[in-house]
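For the protein sequence lines, the chains are A and B, in the order given.
Mapping of the first sequence onto this note's numbering: position 21 corresponds to residue 21, and the numbering continues sequentially without gaps.
Mapping of the second sequence onto this note's numbering: position 475 corresponds to residue 475, and the numbering continues sequentially without gaps.
Calculated from the structure, these hints are not laboratory results.
It is possible that part of the hints are untrue.
With a straight-line cut-off of 27 Å between C-alpha atoms, the simulated DSSO-like cross-links for lysine-lysine are [said to hold, decoys possible]:
| hint | chain 1 | residue 1 | chain 2 | residue 2 |
| --- | --- | --- | --- | --- |
| 1 | B | 355 | A | 288 |
| 2 | B | 379 | B | 77 |
| 3 | B | 503 | B | 479 |
| 4 | A | 260 | A | 288 |
| 5 | B | 430 | B | 367 |
| 6 | B | 435 | B | 349 |
| 7 | B | 522 | B | 580 |
| 8 | A | 292 | B | 479 |
| 9 | A | 260 | A | 189 |
| 10 | B | 580 | B | 51 |
| 11 | A | 68 | A | 101 |
| 12 | B | 503 | B | 355 |
| 13 | B | 396 | A | 262 |
| 14 | B | 396 | A | 46 |
| 15 | A | 117 | A | 101 |
| 16 | B | 580 | A | 148 |
| 17 | A | 292 | B | 355 |
| 18 | A | 288 | B | 379 |
| 19 | A | 296 | B | 349 |
| 20 | B | 355 | A | 260 |
| 21 | A | 292 | B | 349 |
| 22 | A | 288 | B | 349 |
| 23 | A | 288 | B | 367 |
| 24 | A | 260 | A | 296 |
| 25 | A | 288 | B | 460 |
| 26 | A | 201 | A | 189 |
| 27 | B | 355 | A | 296 |
| 28 | B | 330 | B | 367 |
| 29 | B | 211 | B | 460 |
| 30 | B | 427 | A | 296 |
| 31 | B | 580 | A | 189 |
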Amino acid sequence: MRRSSNRLWAWAKAVLAVGAVACTLGLSWSAAAAGGVKEVDPDRAKLSRGWGLIHVANWSPAIDVMEKLSRDASDRQVRAQAVYALGNIWQHRGNGADRDKAGGYYRRVMGEFSDTKMAPWAALALARMAAVPQQEPQDAQRRRRLRKDARRAYRRIIKTYPGHMVADESAVWLATTYLSRFGDDRALKTGAAVLLDYLGKRPDNYLAVSMHYLLARYYQDRAEYRETIRHLIASDAAGLTSERERATAYFRIGRIAERKLKDYSLAARWYYRIVTHARRDEKFYVAKLAAKRCRKLAAAKAAAKEPPR
Amino acid sequence: MSDSERRRQPLARIRNMAGLALFLIAFAASAAYVFYQSFIVDEADIAGGRKTIRFAHWQLEGSTVEAMNWAADEYMKLHPDVYVQQIPIPEPGYRQWVRTQLIGRMALDLIENTFSANMVVRYFLPISDVAERPNPYNKGTELENVPWRETYIDGMKGGWIPSLQEYYTMPLSVFTIRIYANEDLLEEVSGGPVRQPRTLQELFDLCEKVKAYARRTGRRVVPLAGSDYTADVFRYRYWAMSTWGLLDVLDTNLDGSVSLIEQYEAVMDGAVDLRTDPHIRAAYQVLFELSRYFNPGFMSAKRDQSTFLFAQGNAAMVATGTWDAGSLYKQVEGDFRIVVFDFPIADPKNPKYGKYIRYRMTEAGVKAGFPFALSRQSKNRALAIDFMQFLSSRKKVLVNGKLVGMNEELNRRFRWFPATVGARPDKILKPFTPKVEGIYRVFEDSFGPDTKLCMETSYKAYVGEDEPSEAEYAAYMAKTGRSPGDYTYRQYIEDWRNRHWRKFINKYAANIERDAPADMRKAVRDSYMSIVQSETSLASARNRAVRAGLTADPEGDVRRNLKALIFGQARRTVELADMKRRMAAVARHRASARGTSR
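Chain A extracted, bound-state conformation:
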C-alpha cells in the first residue's frame, strides 16, 4: 500500500511537472508566434518606439522606455535625447501640472549633455515653457518679469546657436514679445528691428514667412502702407502656409492698394491673384468683383491723367 501511494504521488508530481511545462511552453510559443523571435532592440529602435508612444500620448510606457534609455543607452546622444524626451513628456502630460519636473529634465540636458544635439532644443523648450505659462499671469509685475526672462533666453539662444532652427524660431518669439506691446512705441520699434536685423543676416531662414507677416502688421499699424505691402509680398514669396492665408494676404494687399494708396492697378493685380491662386477660398468671388472694379477705376484714372486732345 505504501509503495502504491508513493507511486501515485510520483505520478501526481509528474503530472504537475508536465502541466507546469505545458503552461510555460504554451505561453512562450504563443508569445513567440505573436512577435517572432524577440531580438534585442538597439537603443535607437527603442528611442523611436518611445517617441511613437509620446506622439500618441501614451505617457506611462513612454516614461518607462525613456527612463531606461536615459540610464542605460551606451550612446550619449541617445541618452541626451531620452532625457529631453522625458522633459517633453512631463511638460505636456496632465495639463501642465508637472512643468517643474519637465524643466528639471531640460536643465539636465543643458548641463550634463551641453555638447550634444539636444542642448539647443532643450534651451528653446525651457524658454517657451517660461514664456507661455499654463495660466496667464494677471499681475503686471510678474508679466514684466516673465517677458524680461523670455527675452534674455531667446537672445541667448540666437547668440549661442546661430543658424540653428532654434535660433530662427527664437527670433520670431523675441520679436513677438516686443510687437505685442501695443501702446509702447519703443517696444514696437525694437520688435521690428529684431526682425529686420535677423532677416538682413538670414533672409531665407525657414521662418521668414512669419517674420515678414509680423513686419507687415507692424507697418500697417503705423499707416506705412508701401512697406506693409512689401512685407506681405515677401511673406508670400517665403511661402504662406495655406490657401486661406494666401487669399487673406492677397486680399489685404488689394484692399490697402485700393483704399489707402489709390493704386488701382496694383489692387486689381492682387485681387485677381486670389482668382488664380486661391480659387477655393470663400473670397474668390468677392475678389473677382473687386478686381473688375479696380480695373475700371485704373482705366478711369489713366484716362483722367491723359492730356486733353
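Model the placement of chain B on the given structure of chain A, informed by the hints.
Frame of chain A; chain B shown alone:
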C-alpha cells in the same frame, strides 16, 4: 497518526495536486489558444485566405450601404486577393462603438471620422505624404499626374485638420444645401408650370399661394417645412446675405475678414448701431417674414420631422442638404416630383431688402464630407489607402454597359454630390453643384456663450410670436373708429411687425451691451488657452525635427508643419495682445461716454 491516516495523506495530496495540475494544463492550453487567435489567425481565415479591409460608418440613410457594397465588389474584382467588409453602425451608438473598438484594439482599417483632433492624433494615421502624390487610379485621365488632394473639388480641405497641420481623412462626397420643392403641388397651387423663384418676393408670393390654396381646399399643407434645423438653414444664410454690406465698416485691418474684436469695437463704439442699422434690420425682418410660412410650432420640431412633413406632401418645400437627397427621392417616388430651388436674393428695386440682400452665399469654401480615417491598428494600411484612392478616383468601371468614373458612379448610387474634380453628378443633383459666386459671413449675432443665450431666447420669441389675426384687426378698427380704406389689414400687420421688431432689437441690443464685455473676457481666456494648447502641437512638430536629427533648413513635412504652426502661434500671440488693448480702449470710451451723459 494511525496507519490509515498515514496512508490517506498521499492520496489527499494527489487529489489536491491533480486538480491544480488539470487547471494548469487547461490554462496553458487556453492561453496558447487565445494568443494564437489574437496574433496568428487574422481576417485571412475569415476571408478565405484573402487580405481584408474593414470599414465602418454611420450613414445608414438612403442607399449608402448598398452603394458601398457595390464599391467593395468593384474593388474586389480588381483585387481578387482582397476581401472588403463594410460595417454600418446606427448613428446613436456609433461613436461609443468606435471608441470601444479602438480602446480594445479590435479596430477596423477605415473609420468614418466624427472625432476630436485629440482622438484623431491618438488613434489614426496622417496621410499627408500620400495626399501629395498622384492617385494611381487616375492614370489615363487628366488627373494622372495631379497630387491626390488636388483631385478633390475642395482640394481635400475636408480631410485637413488645422490644429494638427496634417491630412487625416479621405472624404468621398460634397454636400450643399438647397430648397427641395413639391413640383406637383406647386403646379396645382400656381395653376401652371413651376419656375424657380428668382427673388425673395417671388418666394413669398409662392408661399402665399400655398397658404391660399390650403384655405381654399381645406388641405393641410404649409409652404415651408419647419424645424429648429431648417429654420437655422434660412437664418444662417439670410443673416449672412443681409449683413455682408457691413464688411467695409467692420474690416479695419482690410484683410477681408472680420475678427471678434473688430466686431466688438464696431458694435460697442457705435460704428454699427444694432438698433438702427439697416442691414441688421433687413436680416431680422426677412427671417421673420420667412418664419410666417413654416408650420406652427416649428421651433420645437426636429429635422426628421420636417423632411417627413415634406415627404408626406404636407409641406410644399423643405430646405436641407444633399445628404437627404437619396432618402427624400426614394420616399416620394411615385407620389410627386421634386424640383430644386436655390435661396433667392432680393430684387434690387425691393424697398425693404433690395439694397442689402444682393448676393447669395458662396460655396467656394465648401469641404468634402463622408470622411474616412486610417486606423493606427490597421494591419493593411497601404491596402486601406488604396481602397480609398479607388473610391475617390476617376477610374472607369463598367456599369450597364457603359464606362463611368468610380467616384461619380458611387455618388450617383448614394444620390450625393461627387467629390472628385471632373466627376459629373447625378442629374437630379445638378442644382446642388457648388456655386462659387457669392459672399461669405462677416458679422455674428453674438460674442460668446452669454450673448448667444440671450440672442437665442430673444430670437425664438421674436420669430415664434403670432401675428394679429383679422379678427384682432377688426376689433382694433372698431375701437379706433378708423376706416379700412385708410388703414388696411396689410398696413396694420406692417405696423405691428415694426413694433415687434423694435421691441426685439431693443432687448437684443441691451443684452449685447450688457453681456458682450463678459463674453469678450472669456474669449481672451480662451485665446490664451488656445496658445497654451498649441504649444503641445508645436512641441510635437519640433520633436519630428529632433528625431530626424535636423538642426537647420528643414525640408518636407517637418518644414511645412513647423512653419505653419509657428506662423499661427505668432499671429495668435500678437492678436491676443491687440484684442486686450482694444477691449480696454472700448471700456474707456464707454466709461467716458457714461460720465459725459450724466
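Here is how each hint holds up against the structure:
| no. | hint | result |
| --- | --- | --- |
| 1 | B:355 / A:288 | holds, 20 Å |
| 2 | B:379 / B:77 | holds, 21 Å |
| 3 | B:503 / B:479 | holds, 24 Å |
| 4 | A:260 / A:288 | holds, 20 Å |
| 5 | B:430 / B:367 | holds, 18 Å |
| 6 | B:435 / B:349 | holds, 24 Å |
| 7 | B:522 / B:580 | holds, 11 Å |
| 8 | A:292 / B:479 | violated, 58 Å |
| 9 | A:260 / A:189 | holds, 23 Å |
| 10 | B:580 / B:51 | violated, 58 Å |
| 11 | A:68 / A:101 | holds, 17 Å |
| 12 | B:503 / B:355 | holds, 24 Å |
| 13 | B:396 / A:262 | violated, 53 Å |
| 14 | B:396 / A:46 | violated, 46 Å |
| 15 | A:117 / A:101 | holds, 21 Å |
| 16 | B:580 / A:148 | holds, 20 Å |
| 17 | A:292 / B:355 | holds, 20 Å |
| 18 | A:288 / B:379 | violated, 48 Å |
| 19 | A:296 / B:349 | holds, 25 Å |
| 20 | B:355 / A:260 | holds, 26 Å |
| 21 | A:292 / B:349 | holds, 24 Å |
| 22 | A:288 / B:349 | holds, 24 Å |
| 23 | A:288 / B:367 | holds, 21 Å |
| 24 | A:260 / A:296 | holds, 17 Å |
| 25 | A:288 / B:460 | violated, 38 Å |
| 26 | A:201 / A:189 | holds, 18 Å |
| 27 | B:355 / A:296 | holds, 22 Å |
| 28 | B:330 / B:367 | holds, 26 Å |
| 29 | B:211 / B:460 | holds, 23 Å |
| 30 | B:427 / A:296 | violated, 39 Å |
| 31 | B:580 / A:189 | holds, 20 Å |
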